[in-house]
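With the sequence shown counted from 1, adding 736 to any position gets you our numbering.
Bear in mind the hints are in silico, worked out from the structure with no lab data behind them.
Model, not experiment: these values are computed from the prediction.
Backbone N, C-alpha and C fix where the C-beta goes; we use that ideal spot for every residue, glycine too.
Any given hint might turn out to be false.
Here are the simulated DSS-like pairs of lysine-lysine, each with C-alpha atoms no more than 30 Å apart in a straight line [claimed, not checked]:
#, residue 1, residue 2
1, 823, 782
2, 744, 782
3, 782, 818
FRET-style restraints, in silico, Cβ to Cβ [what the hints assert, rightly or not]:
#, residue 1, residue 2, range
4, 798, 742, 12 to 20 Å
5, 806, 779, 16 to 24 Å
6, 817, 748, 29 to 37 Å
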Amino acid sequence: MQFHEAQKLLADLQRINPELTCDAVRTGALVATSLGTFYVSISAGKLTAADGQEFMAVSAAAPIAGALHGRRAGEEVSFNGKAISIKQIA
737 MQFHEAQKLL
747 ADLQRINPEL
757 TCDAVRTGAL
767 VATSLGTFYV
777 SISAGKLTAA
787 DGQEFMAVSA
797 AAPIAGALHG
807 RRAGEEVSFN
817 GKAISIKQIA
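All chains, please: the whole structure from these sequences, using the hints.
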């Protein structure tokens, strides 16, 4: 990864306020789905939290983030021909 790209990713990540609660999927949301858990932030791939929970850090521009954007817990979306239910948003 180029230095400039890394600086941009860091700046994007620093703009996310982890103190804000999310009732709908948006940048900064941690979204538990039937497909897995996603952190809508920067494209960083599979990560493991201190408590051992695994999740995928995806950019807001990622197709899965686009499919989930604006949706709320309890809703279902279709992505790549699969039904994905949104279990929880934090």
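* Is the Cα-Cα distance between residue 744 and residue 782 30 Å or less? -> holds (20 Å)
* Quick one: are residue 798 and residue 742 within 12 to 20 Å, going by C-beta? -> Because 18 Å falls inside the window, the suggested range holds.
* Between residue 823 and residue 782, is the straight-line Cα distance small enough, at 30 Å or below? -> holds (19 Å)
* Could you say whether the range 16 to 24 Å given as a hint is met by the Cβ separation of residue 806 and residue 779? => The hinted range 16 to 24 Å holds for residue 806 and residue 779, with Cβ atoms some 20 Å apart.
* Asked: For the pair supplied as a hint, residue 782 and residue 818, is the alpha-carbon distance within the 30 Å limit?
  -> Since the Cα atoms of residue 782 and residue 818 sit roughly 21 Å apart, the hinted pair holds (cutoff 30 Å).
* Asked: Taking the CB of residue 817 and the CB of residue 748, does the distance hold inside 29 to 37 Å?
  -> holds (30 Å)
When each numbered hint is compared with the structure, no violation occurs for any of them.
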